Amino acid sequence: MSVQRRKRCGFIRNENGFTYIEMMVALIIVSLVGVIIWQGIANAGKLLDKITVHSSSTVKLMQMEESMRRLIGKVRYPFWVNELEIVDRDDEITIPYYEGKSNTLLVVKYEDEHVIIGTRYRDTEQMDDVKYFGPFSDATIELARNEDEVVIGVSFIMYAVKKSSDPVKITARFGSNPCWIVKTS
Amino acid sequence: MRDNGSTTVLILGVLGFLSIVTLSTYLFLQYSIKEINRNETIEQQRSMLIEEAEKMVDMFLHDRTPYADSRLDSVWEYIEQSKEQGIHMSLTDVSSCYGINWIRKEILNHGNLLKFGKSSDELQQYRWDTGLHFTMEPDFLDFFTHDVLNQYFTPYNFFNINICDEFALENLYFIRTGDRDKARLFRQKIQDYWKGSKPGKPRMIEPEDLKSFLGLDYEVLFPLVNAAPVINVHFVPEDILHQLFSYEYHNIPQNVFEFIVSSRMNQEWSINELEVIIGDTYKKTFLHHYIGVTTWFWQIEVTSSSDVHGPLTLRWIVVRIPIESEKEDEIEYRLLEEEFLQ
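Going down the list, the sequences are from chains S and L.
Heads up: the first sequence begins at 708 in this note's numbering, then just goes up one per residue.
Heads up: the second sequence begins at 1078 in this note's numbering, then just goes up one per residue.
Misleading hints may appear alongside valid ones.
[Unchecked claim] List of simulated lysine to aspartate or glutamate pairs, EDC-like, C-alpha gap at most 16 Å:
| id | chain 1 | residue 1 | chain 2 | residue 2 |
| --- | --- | --- | --- | --- |
| 1 | S | Lys-876 | S | Asp-830 |
| 2 | L | Lys-1132 | L | Glu-1112 |
| 3 | L | Lys-1111 | L | Asp-1135 |
| 4 | L | Lys-1360 | L | Glu-1415 |
| 5 | L | Lys-1195 | L | Asp-1219 |
| 6 | S | Lys-808 | L | Asp-1357 |
| 7 | S | Lys-808 | L | Glu-1214 |
| 8 | S | Lys-757 | S | Glu-773 |
| 9 | S | Lys-781 | L | Glu-1415 |
| 10 | S | Lys-767 | L | Glu-1409 |
| 11 | S | Lys-816 | S | Glu-854 |
| 12 | S | Lys-816 | S | Glu-790 |
| 13 | S | Lys-808 | L | Asp-1216 |
| 14 | S | Lys-781 | L | Glu-1416 |
| 15 | L | Lys-1195 | L | Glu-1183 |
| 16 | S | Lys-767 | L | Glu-1112 |
| 17 | L | Lys-1132 | L | Glu-1409 |
| 18 | S | Lys-808 | S | Asp-830 |
| 19 | S | Lys-838 | S | Glu-820 |
| 20 | L | Lys-1278 | L | Asp-1357 |
| 21 | S | Lys-808 | S | Asp-797 |
Note that these hints are calculated values from the structure, not bench results.
Predicted, not measured: the structure shown is a model, and the values here were computed from it.
This is chain L alone, in the form it adopts within the complex (with noise of 0.2 Å):
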């Protein structure tokens, strides 16, 4: 018998073994751990993201202005305190562009917006063979530049009756009753509508004809197919207001889009007081079913930074719903989109 203790081959290879599965076993507990721990904090910058924005949405609903939106709302100064919070947000007015899917070919060759050897009429067909797009890209590159698109151009957009494309007209009318011969009566109605127009005086539908004018097809048109106007003067890009003002039937003083570039960010227009500043010419023309002072679809933003994630996004996208004019409903907005981006 040795008096140094004794151990034999067998126990040492034991021992070993034991050894390598406790280890291996405790990496991966560790790594189990720091997966879980990692996705409750994520789960928890989730929640908080969403309860920010929907402060923001909050805010949009207790503005004492409802009815214009500018850069003198609350939600922009509560935008620049939470980034002393260590909360980025961003808030992007996304409609007050042109609709994509409803331009009228007019409007487009005044601009010069589609590409060399493009025609507003192979884009009017192009439309009416495709339907509406929800996607700008790549579905509309063969027509403008990746930069006009993003410049002039969105998806975003309600159907104001009196300045879009009628055919485009149609193929919602389609998409929402799944009736074709009806949408094409539709289409056709509005173009007899503006038959009886005399070159600067339009035919327009306005907010209290609506009802009437739709009839039956109200109910299943309204609010997407509606007369309010679907860019905001506060947010709408230089470009798209100077080509709006210098259209031949609208012919706005340069002075009048200098002044209103010039004094937007400070200011906050009521819809009354903007037809005062542009004169007589914006009630008279399609202008003021263009342009006016709210916005519709709202992108909101909220990036928050972890040790343990890095930096997390929440994209909403956010609309307020047109009401009927002879309604005092209370303002709504919906949530139609929600992506996190990690």
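Chain S extracted, bound-state conformation (with noise of 0.2 Å):
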């Protein structure tokens, strides 16, 4: 039997044990391995990290995105008038029409790192349905305009919290908008 596994393992075992030489070699031997399969393992962590995290963003700002279009869709000026009454100041744009009512608002602003979008009514301070996205290190809401220079949508530049990150530009459109408009004095 002994003399099988000596053919087989192809070397003669030393019954005295191992010398301190063979045990610094196959420490160092095991110790390299180790660092080469942790660092392996350390390095498609961080690569699967990546993905996950960028595979994760992408679907949250798609939704983010979709929910976006969807509530500033809900704006609808009637054909017939002729001032859009759009108060946009620093970060808080006020849009009337909601739903095609004058008196209801849709207020959009950036906030604590978030965009934040509700609706009020025009006498009240009290939002309603507020949506909260992000969060954001740093957001800009500005008004959308067509070739023409005509308001016709709302559009969010947003940052990324990891600064590292392109940020993200998303254009959404009023579902309807005045016929024809003329500037009075």
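Starting from two chains that each stand alone, build the complex the way the hints lay out.
Given below as structure tokens:
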């Protein structure tokens, strides 16, 4: 039995145990292999993490874009109005004619790392149906215009929390627009 | 030492944990990729639907008979052809009905359209109090049934100065200028003009007179307020055409009504031809302000289906901008509404 094993293993077993040199060599080999495996696992983990975060944020952004478009699309200006009555100050935009009603305002703002979209009535400050999108390290909200400089919706430029990635721009159009605007003095 | 190899509970645990992590990551990535692909497909479909809708508007612009819209226009042929390519398109004239914001009391009473117990005066007061309405339901359900609203009325219509309720015109003036006093004066100006009318011989403002009648207000009111016929005879619902023809001051013979209804699917009439068909009454009464041959507001719907996301529909409302009577401007359409339905 021991003869067969010797043949298979290809070396003569030292019945007195390992020498220090053998131990050292074995430890060095095991350490090197361990380090290589550890590095491999760590890199794979990082890559996996990156892919997961990227695809996760892509899916989140897509869902966010859909929601933003749906909300801004509910702004429906009757074709006969001559003024959009949009109040655009700092990072907050107030737009009337939410769901076609002149007294219902859509409020869009950036606050506490979140883009906030909600509604309120003209005479109140209390917001209803508030939706939060984020977090972002920064965001710019501006009115979107067509080639004739007519306002047709809202643009959101959002910076991810990790500054390394590019900003994302989403443009959402109003559901309906006036037919004929004449600038009056 | 064992010859058959060795393992420990710890190694098994680590392997099991790694398997679970890998499997869940794989499933999540698979879901993400599916979502991203789905979104890309929807975006492509949206672009395709918009292209198709733009083609239809382009066909309006290149119509060989631009001042008359009928079933004989090439756009209808295009719609038929598109069915073979798996795209469903529909085109609806949404303006050839009574304007819910401006219908006059006498036409309303003649058609007997109000709910039992409601009067045209009450409707006029309601519209005066609440202004112009962009939605018909639920705003007008106190006055009309759901069926009557959808069969006879539309919010998509221009305001022909001759046939609009004068209080509706006052409201419109106020919306366009923000000046309530001037709006009141504008309404009184219209009422004063109409005072010169005699039964069967109404005073009317024709397109060539509109600019001088409106004066400085022309710039802010035109083209929303104009003197062009609001309803297209080629697409108007039969009931509305019959009501307008049978109105006491119009009194168009039944055989004319029947001729128009039976032949309009295969005919395209110009304004002059329509005048010949209807007779002298057409120009002598308000009839030529109600009925014409042009459609002002179109609803375009384009639907495509995909295994990834099911049917996706683009709904557009486009408006044809009325041109000034003395100008031969190019015909212009504008996109008023865009909505994707899924």
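Hints, verified against the model:
A C-alpha spacing of about 32 Å is found between S/Lys-876 and S/Asp-830, which places the hinted pair above 16 Å, so the restraint is violated. Proximity of L/Lys-1132 to L/Glu-1112 is assessed by CA-CA distance (about 30 Å); at most 16 Å being required, the pair is judged violated. This hinted pair does not check out: L/Lys-1111 and L/Asp-1135 have alpha carbons roughly 36 Å apart, beyond 16 Å. For the hint pairing L/Lys-1360 with L/Glu-1415, the CA-to-CA distance comes to about 37 Å; that exceeds 16 Å, so the pair is violated.
Proposed proximity of L/Lys-1195 and L/Asp-1219 is supported: the alpha carbons are some 8 Å apart, at most 16 Å. Note on S/Lys-808 and L/Asp-1357: the hinted pairing is violated, with a Cα-Cα distance of about 44 Å set against a maximum of 16 Å. At roughly 13 Å between alpha-carbon atoms, S/Lys-808 and L/Glu-1214 fall within 16 Å of each other, so this suggested pair holds. Restraint check for S/Lys-757 and S/Glu-773: not satisfied, since their Cα atoms lie roughly 24 Å apart, outside the 16 Å limit.
Taken as a hint, the S/Lys-781 and L/Glu-1415 pair is honoured in the structure, with Cα atoms around 11 Å apart against an allowance of 16 Å. Among the hinted pairs, S/Lys-767 with L/Glu-1409 is inconsistent with the structure: their alpha-carbon atoms are about 40 Å apart, more than 16 Å. Proximity of S/Lys-816 to S/Glu-854 is assessed by CA-CA distance (about 25 Å); at most 16 Å being required, the pair is judged violated. A hinted pair counts as satisfied when its Cα atoms are at most 16 Å apart, and S/Lys-816 with S/Glu-790 does not qualify at roughly 22 Å.
For the hint linking S/Lys-808 to L/Asp-1216, the alpha-carbon distance of about 11 Å falls within 16 Å, and the restraint holds. Proposed proximity of S/Lys-781 and L/Glu-1416 is supported: the alpha carbons are some 9 Å apart, at most 16 Å. For the given pair, L/Lys-1195 sits about 14 Å from L/Glu-1183 by alpha-carbon distance, which is consistent with the 16 Å threshold. At roughly 10 Å between alpha-carbon atoms, S/Lys-767 and L/Glu-1112 fall within 16 Å of each other, so this suggested pair holds.
For the hint linking L/Lys-1132 to L/Glu-1409, the alpha-carbon distance of about 14 Å falls within 16 Å, and the restraint holds. This hinted pair checks out: S/Lys-808 and S/Asp-830 have alpha carbons roughly 14 Å apart, not beyond 16 Å. Of the pairs offered as hints, the one joining S/Lys-838 and S/Glu-820 holds, with about 13 Å between alpha carbons and a cut-off of 16 Å not exceeded. For a cut-off of 16 Å, the pair hint linking L/Lys-1278 to L/Asp-1357 stands: about 12 Å separates their Cα positions.
A hinted pair counts as satisfied when its Cα atoms are at most 16 Å apart, and S/Lys-808 with S/Asp-797 does not qualify at roughly 25 Å.
When the structure is compared with the earlier hints, violations turn up for hints 1, 2, 3, 4, 6, 8, 10, 11, 12 and 21 and for no others.
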